[in-house]
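**Student:** Let the sequences and hints guide you as you build the complete structure.
As a plain string of letters, each chain reads:
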Amino acid sequence: MRKKIIIFLMFFSVITVYASVSLKEQAAKSAESYNNGNYEDSIKEYELMILNGINNPYVYYNLSNSYYKNNNIGRASLNIERALRLAPRDKDIRYNRSFIAKLSGEPQRNAAEQIVYEIKLLFSLNELVTAFFIITVFLCVSAGIYFLRQRKNLLKVTIVCFVVFSLNSVMLYFKFYDEVSVDEAIVLSDTQVRNKPIKSEDGAFAVLAGRKVIILSELGRWVNIKLSVDGFSGWIDKNYIEKI
Amino acid sequence: MFEFKKKIPLIILFMFIQTILFADGILNVFLNKREVELGKLLTLTVEIAQDSDDSDKFELPKMPDFIVLPKKNYSRNGKNVYTYEITPKNTGFFFVPAITVFNKGKKISSEPINVKVVKYLQTKKQSRADKNNKNIFVEAYTDINSVYVNQQIYYTLKFSTKFDLASNPIYILPMFKDFWKSESNIKSGYRLIEGENYFVFEVVTKLYPMRDGNLVIDPSNVKVEYLRYNSNDVNNEFNKILNARKIKYSLNSNPVTVKVFPLPELGKPENFTGAVGKYSIAASVDKKNVVINEPINLTVKIEGNGNINAISEPDIKLPTDMKKYATSVYTDNKGFKNSKKFKSVIIPLIAGGKIIPAVSFSYFDPDSKEYVFIKTQDIKVNISSGVYKKSIDEENENHEENSDKEAQNKDIKRIKDNIKLKQYSSNLYENKVLMFFLIPFILFLLYSCAYRIVYIYINRDSEKLRKISVHKKSLKYLHEAYKFMHEKNQEKFYFNINMSLRIFLQSYMNYDYLSMTKEEIKANLIKFSVSEQIIDKIEQLLKDCEMFQFSYAKAEESQIENAYKELKQIIEELGKIL
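As they're listed, the protein sequences go chains A and B. So for the first sequence, my numbering puts the first residue at 857; every next one is plus one. So for the second sequence, my numbering puts the first residue at 1177; every next one is plus one.
Be a bit skeptical, because a hint or two may be false.
What the hints assert, rightly or not - Lysine to aspartate or glutamate pairs mimicking EDC-like chemistry, simulated, CA-CA at most 20 Å apart:
#	chain 1	residue 1	chain 2	residue 2
1	B	K1238	B	D1227
2	B	K1668	B	E1737
3	B	K1596	A	E903
4	B	K1592	A	D1039
5	B	K1713	B	E1695
6	A	K925	B	D1497
7	B	K1592	A	D897
8	B	K1659	B	E1639
9	B	K1435	B	D1587
10	B	K1517	A	D946
11	B	K1589	A	E983
12	B	K1752	B	E1733
13	B	K1589	A	E896
14	B	K1744	B	D1712
15	A	K1099	B	E1606
16	B	K1649	B	E1639
17	B	K1698	B	E1749
18	A	K925	B	D1587
19	B	K1719	B	E1695
20	B	K1608	A	E983
21	B	K1338	B	E1401
22	B	K1592	A	E888
23	A	K958	B	D1554
24	A	K925	B	E1489
25	A	K947	B	E1748
26	A	K947	B	D1593
27	A	K976	A	D1039
28	B	K1596	A	D1039
29	A	K925	B	D1491
30	B	K1640	B	E1748
31	B	K1598	A	E881
32	B	K1282	B	D1319
Hints are computed from structural coordinates only; laboratory data are not their basis.
**Tutor:** Quick look at the structure:
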């Protein structure tokens, strides 16, 4: 039995090491294709990595760059948004996101909106969820012991934990609302947004590829969307957008 | 009856005209239209007097330019009427030949009728406004009714009224399905229509049809509120306005049909992107002598009277030693002519005389019905080898930390070559293991909370709680007393002082002081070894209360104030002792 377990563990570790080497090779190959100007090959490689389950902000970042160089602003924007969700404090990702947003016609935020936006980018959703679990454990333990023992020091710790817990909960609520409760999508190519979900309907306004939109509802192949930042809404063909 | 009398001259006139028309009419030939579209039907009517020789055996002469459909004939007013539906075979000018009949051996001929056959009928205005009410009406029309896909047309909604309006008209334009539309322009003012002064309100909208076929623009709606004056107030301007009634009125315009033709496939240039109208193109650079890496701003301006929004950036084929960065687009479609500017930054990489090649653009001209290819001139620029130094402004701009501003001028950051392929967990909030991990901690907190609550409940001092409750009640009466002291309500003041004192004593000594006499209270207080001074004060207060609360004796203001202060003092001092 012991032998079988050892063989299984060895087999598993060999597979893991092989997979990791293979991924590294794939990443290097993709970067080389990009540097040689073969953007289509680079896109294929990075897409393949993502298909294989890699969830890494820098893979999304590089893929976004490849799409941008290949003149596909829509998919460049989609992937940079995905990268930003995973690593919101990375300066390069933030810069590229800002650059592509400009190209897609996203209006400038006012000062107050910019501050809120910057606060939201302090932590990723996963970081906030992790912090929530850790702080909740601390709060439960310190408050629990305080209720049992009534020590003044424990009361101070509990109050600090409670304040941090409250701040974390507020940030988590807004982050969760933005990234989970609200369906956000990216417009993949320039198109018209219509007043009604009918093809022959008069175009309400145009949206450029790469623009971030909020999905309000769906009706068959039509999606009711609202533009992020300036808030105009209308109907768009499902094929023109992809969820982040 | 009076109405009928008024109409008698008209009836006589009508009968007279009819007599003249038919008195000499052996042969009458009518054609319902003189201009017709190819493929459309015309109605030719031939009326022959029944007493003529050919009345019953009339045959239409040969008409080689028309297809003649079977006739219909009937009799009316002593004439045989022959009706034919004819349709032209080609476009051009044709004649319906002279028709000849014989009457008593005499040859009678009609005049030939000329017909213009066009491929598509151009109508200047298509307006069938509801002008039943000449005082207030609305009409809608387009400047052209036969256009090509994406050709610019003006849709005008025109509201006219002789009434005085109480407010501005509210208009609702149709959805303009099948059209792109730009912003509407509004004009209003007074105009003479058939010699009368009307207030006219016009909404003009630029439209661009998106597909071919007969496109119908639904009716627009105008809502107004006008003033109806009382006929008695005609001579008095003030009363006229004062007594005017506001009448709400809603009007619908006529629908408008626009015939839209597809763009011809023949001769379509490769770089044609759908522009229809008349356009011009110009290109310019801000500087022609630069050093390597010094940015040159290239502006390409396309101007014309078509759907400028649909025009995309023309292809600029730069030599490989020049690099083009993102283009900013500026559109102006508010005026009579629309324009779009494409501003790009070009960076020369190698020194020498370079040429920015001509930028070309194609459009379809609906007047000449041809595709037109236009292009700018080549632009020569001299690139010298030197070091490009950014101006102070540019330097400052680059030092700004706002990444959004940086993003306006530069390219994206390059890729990360050596990325660490660390796997980021996806959606931790969906992780049930973490949720289960939290459960024991939450249960522990709940347990300790419950423990604390139970502990407090078990160790509570019920006597103390009762005392606190009664003490609060006593203070409430004291507060009331204070209120009545200021209101100078002596009876209520002393009632509240009495109640406050007795309830206070009850809260501390657990005796029912409310029903005791002052002597009994005194005896009790002595038992609780309260100082004589306080007992005297309490006794005095109770006496005052008895006297001023139930009798009509008037207490001095100073007495009332003293009573309040003393009670307050007693409560404070006894509180400390007890």
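**Student:** None of the hints should be skipped; say for each whether it holds.
**Tutor:** Each hint, compared with the structure:
no.	hint	verdict
1	B:K1238 x B:D1227	violated (25 Å)
2	B:K1668 x B:E1737	holds (14 Å)
3	B:K1596 x A:E903	holds (17 Å)
4	B:K1592 x A:D1039	violated (29 Å)
5	B:K1713 x B:E1695	holds (13 Å)
6	A:K925 x B:D1497	holds (18 Å)
7	B:K1592 x A:D897	holds (16 Å)
8	B:K1659 x B:E1639	violated (31 Å)
9	B:K1435 x B:D1587	violated (47 Å)
10	B:K1517 x A:D946	violated (35 Å)
11	B:K1589 x A:E983	violated (25 Å)
12	B:K1752 x B:E1733	violated (29 Å)
13	B:K1589 x A:E896	holds (19 Å)
14	B:K1744 x B:D1712	holds (15 Å)
15	A:K1099 x B:E1606	holds (19 Å)
16	B:K1649 x B:E1639	holds (16 Å)
17	B:K1698 x B:E1749	holds (17 Å)
18	A:K925 x B:D1587	holds (10 Å)
19	B:K1719 x B:E1695	holds (10 Å)
20	B:K1608 x A:E983	holds (17 Å)
21	B:K1338 x B:E1401	holds (13 Å)
22	B:K1592 x A:E888	holds (11 Å)
23	A:K958 x B:D1554	violated (30 Å)
24	A:K925 x B:E1489	holds (18 Å)
25	A:K947 x B:E1748	violated (67 Å)
26	A:K947 x B:D1593	holds (16 Å)
27	A:K976 x A:D1039	holds (17 Å)
28	B:K1596 x A:D1039	violated (29 Å)
29	A:K925 x B:D1491	holds (17 Å)
30	B:K1640 x B:E1748	holds (17 Å)
31	B:K1598 x A:E881	holds (14 Å)
32	B:K1282 x B:D1319	violated (52 Å)
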